[in-house]
Structure formats: structure tokens, C-alpha cells
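With the hints as your guide, set chain B onto chain A.
Next come the chains, spelled out residue by residue.
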Amino acid sequence: MYNLGDDNELDRASREAAGRYAPPSDPDWPALSSELDKVLPVEKKRRTLFFWWLLPVLLIGGGATYWLVQKDDSSIVTTVKEPAVTQTVKEADKKETKTVSPSVTVTNAQKETTTSVTVNIEKQTPVAEINKQAERTPIAKVKINAPGNESLTVNAPKNQTASVPANDKAVTKQDASKAVDQPAKENQAVTSAVQKTEDVPAKDIPKGNTDQPVKQNDITSVTENKTQPSNETAPKTETAEQPAVTKTKVENAGRGKGFSFGILAGVDKSTVKFRYSGDAGVNVGFMAGYHFSDRWSIHSGLIYTQKNYKVAGEDFTAPKGSWASYYKIDNVEGYCRMWEVPLVARYTVSQSNKHSFFLSTGLSSYFMTGENYDYTYYTNTGLLALRNTAYVSTDTHVMSILHLSAGLENRISKNWSLQIEPYAKIPLGGVGFGNIRLSSFGLNFSVQHRQPSKK
Amino acid sequence: MPREIHQISSLITGCCKNDRNSQRDLYHWLYDYAMKICYRYVSRAEEAEELANESFIKLFKNIQQFDGSRGGETEALLKGWFKRIVVNTCIDHLRRTHLKLVSQEISEEGETFADTQETGVDKLMYREIIEAIRKLTPVYRTVFNLFVIEGFSHEEIATQLNISVGASKSNLSKARHNLRKIITQQTEYKVYV
Chain A
38 MYNLGDDNEL DRASREAAGR YAPPSDPDWP ALSSELDKVL PVEKKRRTLF
88 FWWLLPVLLI GGGATYWLVQ KDDSSIVTTV KEPAVTQTVK EADKKETKTV
138 SPSVTVTNAQ KETTTSVTVN IEKQTPVAEI NKQAERTPIA KVKINAPGNE
188 SLTVNAPKNQ TASVPANDKA VTKQDASKAV DQPAKENQAV TSAVQKTEDV
238 PAKDIPKGNT DQPVKQNDIT SVTENKTQPS NETAPKTETA EQPAVTKTKV
288 ENAGRGKGFS FGILAGVDKS TVKFRYSGDA GVNVGFMAGY HFSDRWSIHS
338 GLIYTQKNYK VAGEDFTAPK GSWASYYKID NVEGYCRMWE VPLVARYTVS
388 QSNKHSFFLS TGLSSYFMTG ENYDYTYYTN TGLLALRNTA YVSTDTHVMS
438 ILHLSAGLEN RISKNWSLQI EPYAKIPLGG VGFGNIRLSS FGLNFSVQHR
488 QPSKK
Chain B
438 MPREIHQISS LITGCCKNDR NSQRDLYHWL YDYAMKICYR YVSRAEEAEE
488 LANESFIKLF KNIQQFDGSR GGETEALLKG WFKRIVVNTC IDHLRRTHLK
538 LVSQEISEEG ETFADTQETG VDKLMYREII EAIRKLTPVY RTVFNLFVIE
588 GFSHEEIATQ LNISVGASKS NLSKARHNLR KIITQQTEYK VYV
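Heads up: the sequence lines are chains A and B, in that order.
Following the working numbering, the numbering of the first sequence begins with 38 at its first residue and continues without gaps.
Following the working numbering, the numbering of the second sequence begins with 438 at its first residue and continues without gaps.
For the chain A half of the interface with chain B, some residues (derived, Cβ under 7 Å), not all of them:
| no. | residue |
| --- | --- |
| 1 | Leu41 |
| 2 | Asp44 |
| 3 | Asp48 |
| 4 | Arg52 |
| 5 | Ala55 |
| 6 | Ser62 |
| 7 | Val76 |
| 8 | Asn425 |
Bear in mind the hints are in silico, worked out from the structure with no lab data behind them.
In this text, a Cβ means the ideal position worked out from N, Cα and C, and glycines have one as well.
One chain only, chain A, in its complex shape (with noise of 0.2 Å):
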């Protein structure tokens, strides 16, 4: 109640209304914009000088998938011996026992494979004979029985008694029913079971292999015959060397348990209904794994990101109270600054010696900093405006948010290798000042340490 008729009154009421009206108006940031521009005008900063250091880590992390995926296997060092073929030759009974065993050790794929492929041949031809036809071909017919009473036929150069096919894919399947020449110089992935042989003493070779005529039928490993006891030393061991391509596997695949370390950087596209695109975000931050096995692991971190979008008005509400909760909102555009903690279970599906892929699953958690809105609202006479508002937040979201993820994984040395993971980020519930479902999806670069295998 006031009294009008008193100055007092009046000014004070005059005070009040002055404090409390709200003027009919909008701001118009465009108008003093221009305004601006004209008496304070403004170098325009160039965007890309925030991601100046974006650029060249997705390039050279790009760059770097991009050669190492293009690599494939034959950046398998290929390296070349000189296995020696040990040859058993018994004169006083003119049997020639060769233990030629063509273990092929190629892939990891095949290894399993490898002994199993031990030949061993009778041949009934005198060594004399042999080295005779040695001498006069350059290359020699070795026949190789393999099961099936079929034959598998062998060449060797001149300077050897015997030769191993090359062809390791028919002789790592004992896949006798093709006959094989092929020159044992041939650039293939062949580690011959000569090689193997040549470990073996001769002294070490089983009697039975020596004093008896094998079968024909006859295969074994050389492991077989490195277990077997024999105290017997050949007579005669002709042992000569025998060129062949070995692959070396540059590491093992599996590395065990252990620790892993790494940076990351990436890009991040947020979108909350898939209604409106936003500008493109960024995430930095490291992460953290421990390693169960070469296939399962779990893995955490800390990761700064800024996400950008836009949001339709129904989407997003409005904390009751606020000034935004008055109005009918069209739309919100800006971006929220935030620490994200993820913590996932890692599954690699498949790893060769370079690469390997895996799935990964988990939630994350949101540590909100900061959220700057322009919001596009109608104002009480039904006109558009636009007004923003930044907040300071310190809201959590505390593994709110499920973690979808795969990834490729290129090993550049024994215990560092760089990843590829695209990701998506699916909202549990709602998160920052307007409860939005905030869907996210991008792709992260990183370079991990592994701590060296604890086997």
C-alpha cells in the first residue's frame, strides 16, 4: 500500500518498478555487432589455430594405420638359411635313410601343423649312386612317399642330397596326392625339417631309422625322433647345406598379462535424437589397461571433451526455476565441456604378429565443467529471440552412459602400437543443465604402451 500523496511513498515506489519492470525488448546482438565491427573492428582468429595440434596427430596417426594396415604380411622379416640336410646312410646295408622332413613353419596360422609333416624316406638307392646323380643333375629327384602310398616328388640342387618342396601349403596339409617340383630356392615361406634334422645330433637319430629300412609308409616327427632314446651313432652322415626362406615371426602374438598405457586423441560428434548436426568436438586424455590375457582386458582413463550440438527444444529441460523453464525454448545450441572417466572390458576377436581387432563394452561417467547455451526461444509477445547463457556446472553422471567400441590395433614394435577405435557413446539417462539424452559417436587415435608379457 502506498501513499502516493507522500514524496516518500512516491519515490519509493518509483525505486521499486524501476528495479523490477522488465522492458519490452529483445536483445539484438546482430544490430550491435555491426555496430561493433565498425568502430571496433576484429581480426578474425582463424578456427583452425584451436586444433593446430589436432591436425597433424590425426594425420600422422592416420598416415600411420593407413602404412601399417597396407604392410599386411610380408612386413614379416624373411630371412635366409642355410639348413643342412642330414642324411643317414647306411653302407653295409646300401639302404640311404633320409630324414628329410619338410616342417614348414610359415604363419602362426600353420604352425600347429609344422612337425607334423616329418617324412622320413627309404630310398633304396646307394649313396654312391646318390651323390652320382647329385653331381649330375643340378637338381635332384628325391621321391618323398607320403601316406597314401603316393608320391611326392622333391628337388634339390646339385650341391645336395636332398631337397625339401617348397610348396608348404601342400606339404604342411600332407596333401601327397599332388606331386611338387618346384626348386627348393623357391621364395616361399619354407622352413625345411632339414632345418629341423640339423639341431639333431647324429648320434641322437633313432636306430630303428638307421639299421632298419623304413616303411614306406612310414611318417614321424622330428620330435618323435629327437625323444627317442639311441646311443648309436650313425655310420656315415652326410650332412649338407640346403638353402631355404624362413620366415621369422618378428614377436609373438601373444604378449600374457600385463599392464598397458596410453594417449589418445580424437573427434566427437554429439547429437541428441539425431534431429540437428553440431559442430564436430575433441577428446583428449590417457587411458590405463590391465591385460587378463592376449584376449580379455579392461581398461580406464581420463578424458577431457568438448561436445558440440544442438538440441530441439522438446528435448531439452529446463531446470524449473531458471529463466529458460519460462519460456517455450525452439531450440539450444552450444557445447558442454566435461571429464570423461570410461571404464570398458576389452575382447580381442583376432590378432595376427601386426594387427589385431577387438570389441569393447562398458559405461562411462561424466564429470561436467562447463555447458554454453544460445538459446532460440519465443518470448512472451510469440517472437524468436536469442539468448545465451553459460554455467559453471559441476554436475556427475556417474556410469551413465553405455560404452560401444571397436577397434584396430597396429603393433609397431614389441610393446607400443597404435589404435583406431571408432565409438559410440549411448545415453543411459540424461546429462547436463538440460537433461539431454546426448548420443555421441566419433573416433579416437591413440598410442599405447604395453608393459612387457609376464608369462
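Same frame as chain A, now just chain B:
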């Protein structure tokens, strides 16, 4: 729930660097505040908007002179500093356009109202009081705003408007008188003398 805190210090720093985003944020934050002032000094809304924009340009041009490190909250200091800019902008505008009528208005004989009557002003909305102020003549409105709402002394008003202290007091008295009259007309409230 996040608090709606405007990072005033960072905005001021950005404005000092002529950063458009900071200027935009500060503009949106202070716009209503500026309009509340300008709207009381002029009768046309477009005029008030122009004065507000002019005030913001002055703010951004001179924000390096703002000393936010003094005691008190930066927000209050900035608002006080900006208020003076806005008021001065309005006065400058009025000097150029309306205050030429000052002497004439001083000589007017105003009607007298009984000061002791209780009116129905409490039923008025704030907007109606402001609209009543805006209906005052430029000189009366300016003096009333400066003295009653901004808290200027008559000496300050006299200096600002280049009038005598006596003229300022006289204008204030007549402004109050006319304001009562306008408010009464707006509310159709009968005043019994």
C-alpha cells in the same frame, strides 16, 4: 544442479581483448539492465534500444578503464560502472534533443496535490509506474530519474544538466506533481483533496 553463474571476470578479460564472443555474452547479460534504465529516460522504445546499444559500444570501447580489482563483487562494480555509462548516454541524448526546453518548463506553474492522501498506487503494476514516468516531459523525467531512482544529488544534477540547483529542485517538485496526476489518470482513481 548447475548454478547459472556468469563468469564476469573472464568476460571482462575477453572484452578487453575485443573478443566478440565475450562481448556478446556480456551484452546478453546486461541488456535488460541497460534497457531498464534507458526505457525510463525516453518515451519511444526504439529510442531506448538505440541508447542501450550506444551504451554498450561505450562500454566495450572503455572497458579497459574498468577496475574490477577494487573491493566488492566484480558483478556489482561492473553494473554500477555500466549504469553511469548508460545514464550519461541518456543525458547526453536528452541534452541534444529535449533539454532545450528546460527553462520553459521551470517557469511553468504546476498544480498542487494533497500530499497526505492515500492513493491506490499499490494496485498499479510496476510497468504502469514506469509508463507514467515516461509520460513526463523530458526535463521532469530526467530530473526525477536522476534524483529519485539513480540517487543523484541536486548539485550533481545541476552539473549534469547545466542548470541551477534551484531549477533542479523545482523540476523535481513539478515532476512528482505531474507523476501523481498521470498515475491517477491511469488508474482512474479519484483523489479526494
